[in-house]
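**Student:** So the sequence lines, in the order shown, correspond to chains Z and A. Here the first sequence stands for residues 399 to 1115, where the numbers follow the numbering used here. Here the second sequence stands for residues 399 to 1115, where the numbers follow the numbering used here.
Bear in mind the hints are in silico, worked out from the structure with no lab data behind them. Certain hints may be false.
A few chain Z residues facing chain A, derived, Cβ under 10 Å [unchecked claim]:
#1 459
#2 461
#3 463
#4 607
#5 624
#6 628
#7 871
#8 875
#9 980
#10 983
#11 988
#12 1000
#13 1064
#14 1069
With a Cα cut of at most 30 Å, we get these calculated BS3-like pairs of lysine-lysine [claimed, not checked]:
#15 928(A) to 867(Z)
#16 753(Z) to 867(A)
#17 445(A) to 701(Z)
#18 982(A) to 753(Z)
#19 755(Z) to 867(A)
#20 928(A) to 1095(Z)
#21 867(A) to 982(Z)
#22 755(Z) to 753(A)
#23 982(Z) to 928(Z)
#24 1095(A) to 701(Z)
#25 755(A) to 445(Z)
#26 445(A) to 1095(A)
#27 701(Z) to 982(A)
#28 905(A) to 928(A)
#29 701(A) to 754(Z)
The C-beta atom is built at its ideal place from N, Cα and C for all residues, glycine as well.
Protein chains: 2
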Amino acid sequence: MSRIHSLGCVALLATGGLLGVWSTSRAQAPATKEVAKQATQAQGFIKEFGTMWTFDAPPLEYWKATYDFAPDQAWLDRVRLASVRIPGCSSSFVSDNGLVMTNHHCARGCISAVSPADTNFQETGFIANSGAEERTCPGMWVDQLQSIEDVTTRVRGAVTATTPAEQVAQRDAIIETIQDECRAETGLTCQVVRFYQGGMYSLYRYKRFNDVRLVFAPEGKASFFGGDPDNFTYPRYDLDVTLVRVYEDGQPFKPTHYFPWSENGAAEGELVFVTGNPGSTGRLLTMAQMEYLRDVSYPARLKDFERRLDILRELSAQSEDARRQNENQVFGLENAHKAISGYLRGLVDPEIMGKKKSFEADFRRRIMADADLNQKYGTAWDNIARAQKELASFALESRYHTFGGSQLLNLAGGIVRWPAQAALSDADRLPQYRGEGLNRIRGFVLRDQPIDTEADKLSFASFLRAAQKELPANDLFLETVLAGRSPEVAAEALINACTLTDAAARKALLEGGAAAIASSNDPMIVLARKIEPMTRTQAARAAALRDVISANAELVGQAIFAAYGKALPPDATFTLRISDGVVKRYPMNGTFAPYKTTFYGLYARAAEFDNQPPWVLTQRWIDRQDRLDLATPINFVSTNDIIGGNSGSPVINRNAEVVGLIFDGNIEMLPNRFIFTDEVSRSVSVHSAGIIEALRKMYDADRIADELQGVAQPATR
Amino acid sequence: MSRIHSLGCVALLATGGLLGVWSTSRAQAPATKEVAKQATQAQGFIKEFGTMWTFDAPPLEYWKATYDFAPDQAWLDRVRLASVRIPGCSSSFVSDNGLVMTNHHCARGCISAVSPADTNFQETGFIANSGAEERTCPGMWVDQLQSIEDVTTRVRGAVTATTPAEQVAQRDAIIETIQDECRAETGLTCQVVRFYQGGMYSLYRYKRFNDVRLVFAPEGKASFFGGDPDNFTYPRYDLDVTLVRVYEDGQPFKPTHYFPWSENGAAEGELVFVTGNPGSTGRLLTMAQMEYLRDVSYPARLKDFERRLDILRELSAQSEDARRQNENQVFGLENAHKAISGYLRGLVDPEIMGKKKSFEADFRRRIMADADLNQKYGTAWDNIARAQKELASFALESRYHTFGGSQLLNLAGGIVRWPAQAALSDADRLPQYRGEGLNRIRGFVLRDQPIDTEADKLSFASFLRAAQKELPANDLFLETVLAGRSPEVAAEALINACTLTDAAARKALLEGGAAAIASSNDPMIVLARKIEPMTRTQAARAAALRDVISANAELVGQAIFAAYGKALPPDATFTLRISDGVVKRYPMNGTFAPYKTTFYGLYARAAEFDNQPPWVLTQRWIDRQDRLDLATPINFVSTNDIIGGNSGSPVINRNAEVVGLIFDGNIEMLPNRFIFTDEVSRSVSVHSAGIIEALRKMYDADRIADELQGVAQPATR
């Protein structure tokens, strides 16, 4: 039940929200002595690129002009140091005694890990009534950004070669060197971050805290009330908060900077900031790239989701057991469908795309107007467009000429391909076999896992029917697989006779190498042998085109930086940003969605669905309802610019006080991945007042609420 | 604040809901000895024509097949007799002592009329604590449908002439005769109703009750909570109910049939019926008519609303006083915009229009396949299409070549035109001057009313700017009005020098007749003289084309009846219908709208907008909140097919018990005017349980709640 990750991750299929644990291995850490000279960028503000500002280029003039707000460097430093990063999410120091606030869905790993054998804190919630009861989260860390340093010149200077491959190697090497030096010099966690697709490189230096302990988590039903249906939507009623504490040398860490608690939270219309680590956006994509997503990639993915959902629903209809077994996958696919549909909604909106088009035209004019820039970057857009067009020309084949329709065929494909790929040099392998890939695929083939052959038949037949519907009648792949049979008959025959359900059989083949594979009579192996060359040629062709796109996209990024400088915030990089916005209702379904929701609304929504899942209250929330002031806000919305990775970000006011905690976006926000708009798109946060009300009245956690509100400072905690 | 009426009425601009007081002078009253032979129509059910069934053709086979529900004739008779009609709305008997339930917004006239000088029951609500306190509603009546008789043969038989005008006269005469005879014979209120645009004529006989007294009305803020923004939308929290009592001979009337109160209301998924009087639908319109609305008429109206809203907002921005003064008009226009946008949403939906197109193709094939039908009706569609096309060809001129841009020009136009129109025979006049029109327009010109010349200048200049933008550069009308000046300068000059703000001046001109008008130097009169011929020619041309459309639409209606019989429910006629549906949640904004709302939700929505208007609770509702069981449902939705005129309809279960009270549709229902769908469109009702809870706990009205629930029968009431 982790939330949705950045676009394109397999994890998109996990059940979850718009935001969420941003999973990437890129996140390490680093920064500069001279932080943030403010750029003169107010005049360059282009709304559709959003407001994910870096701390070394806050748009001070724009803030002054728009909100009459002019923070000094001390304010910016304080806010930066109070905003901290955790694995895949954002968070912040919220007390002088090391308390860190994030989302429940960002701390699920810890909450599960610290649960005793007989209790699941995910279900029951967890409240530490004293410091001694706080439980260490294994493997969790907190990163505090110390400084940012522009290292573009040094990185560029090290790249002297002329071939792309050598250039990449030189760049990777200098980045490694910079990070190593930084670590050695400062003892900090150092990371060189690539902005504007290579237009700028910055060294981010983080202080890392490794002793993190769980202090408070509500029940999963309270943090994720409304479950998957309400996911990505608003009005919402979720107490998606968890508190942990950072320790140093066995004692609570005393941060110099933290966010005090606002007395009342934010009023409608009030300026608020979100400081956090957005994971990934695609706002610098070219029109051609967006059009490919719009016309080819997303429609195909949606169709694929629908096909798979049909199968799962058919399976689920067979028994209550089957339903329960497939439930999570159904929810996951439905959510992925909701997400992609949302992205697509932006891309098919003529007004939104019109803005992008105007921008690109202006941008290209600026580049063409400068002979030097034109020489360097002028052809990048057309190169990308050409490659996208070619990719589109065999997109159907790429979708269907694969091993992917059947789990058994997929294993057969892995077996057939492995020895040949292993024999090649790393650079000559298919992308997924490079580096660690080779061993990963081997492990995947050998892993002993039960295979439901009946489900695999349904799945394969459905895949083949879809292929039949879309591919030309004389398609070679289909002819090879079907051999004159119907999809159902072919799937039945191939899977019934297949021996690869047995892990030992797979192991024997893989270890027997090319010879064993060549002589196998297993029908799936035979089939995989026949289609492997076709799939390989196609995959290689697609990979080459993607390399062209990627290299030229890098040029476009550099060109953007050359043309606009830091006036445009760079695409999200899972590094610290500060986004401005206002708390604001929005037009929805003919009326308005209110700027905040209340506990009244939580009880309303439960009652209005007859307390059926996922609109279920725990017994605690039923029993203690009378204690609550039901008019207390629980969630609210604002126009801040966020995306996956921002989960757990604090929402603060001008005084850098906590007014809320980001945990999702509304469904209207999904198109913001590519083009930012704020007419109806909203960030969704837990309200500071709702957190206190729940801590005090629902969880008897005055100790924690007092600490947040600075009411008292007990000697020991 | 009356609700929205049928499409095309001026009253569309009144503030109000999707449903509402259906204003028409057509509603008189009538019926047949032999009621309702059930037609064998289950096989003919075509979903996009909806489910507004007449009581003489209930779709028994379809109900049996769909819901396993097979009511007998006694059930149908009981339901028919318990369902009664009031001016512009629907209602029902809900006790054996003559209590009638309708919407608050249907009884506003009565509630105002019975308010004493020092109190406004619209604001305070009204509760009669005894029969003696019940207050007579002046001019209100209740019609109970006694019988329905098919009189098609008699009407057709009387039409023997060959010219359309004579045919119309003959038809009107026979209808008048049938109604008169009926009245004389039965003492009932008799009305011949035209179904299928003339495909079928039925005599409806009503018993009319004229002594109607107010029993209970909540405060306007409770009945219309959420006001105009929430109007047409769901989730809703409106106690839009009012109870009146029918008296006969000074005593409460004892109806033989009434709807008892359901103990629990309806569960999700439950079959429910709505019995009421839908006012007007356009489901039998041809594709050409719908395309005209889609491409010409509605876009123009939306633009016009937007232009007028811009003016009103500009005026409102000048002072708080101006804002308050214009508020109702702004809300009204916004609501009209919402309604038309909703209708348009259906017409631009390719899937919805695709269904209509398929139906029309099938329908025309059936007609063409029968030589006789083809001879009679075959050319109707093309005739309509041709006329619509011609109308579209000068639609721009029709919009702008009018007196309508300025209030003063409009008065001048009336003055200039009146003597000439009065001199013509009735049939030769422009449509709006025919019959009563002549005197109405005279009255309008003479009425002494303040004219805000500054607002009129803004309005006229805006109208002229819009005309300039859309009409060709050399447009004669514009050249005449502007005479080389800018819109602003022209409006300023014309209005400053105009004397028609003075009612006496208008009277002098009108009474001075053609001579006085011809010699007037008032610049608006001069202008009106110049443009009158142009506007008249155009209006006459449009009127002639509309006659063609209307005559051919009648043929299409007859053809539908000939091809499908009663298997298709006829378009709404503000006569009694029974619609089946189920109580059901629906997909909304990425999640679900619940099937019901609760008092929790009412308090939530008030709190979530900080109790700002129109989300305001009265002091009673604030003070007495603790008395309520907040989980009690207040509103719910179902898939029944309703439209304006259905306001106040009872929602009943299989046992003919009241489970709710229709008061609106959701915004997704607006496209149903033309093509019925029930994926996301829903009827919105007050829940039976919410009415009882409010009566007992909020209004101390146990007397009334007991009567509804049949708990006790006090000797006197």
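**Student:** For this structure, which hints from the list above don't hold up?
**Tutor:** Of the numbered hints given earlier, those the structure breaks are 1, 2, 3, 4, 7, 8, 9, 14, 15, 18, 20, 21, 22, 23, 24, 25, 26, listed in rising order.
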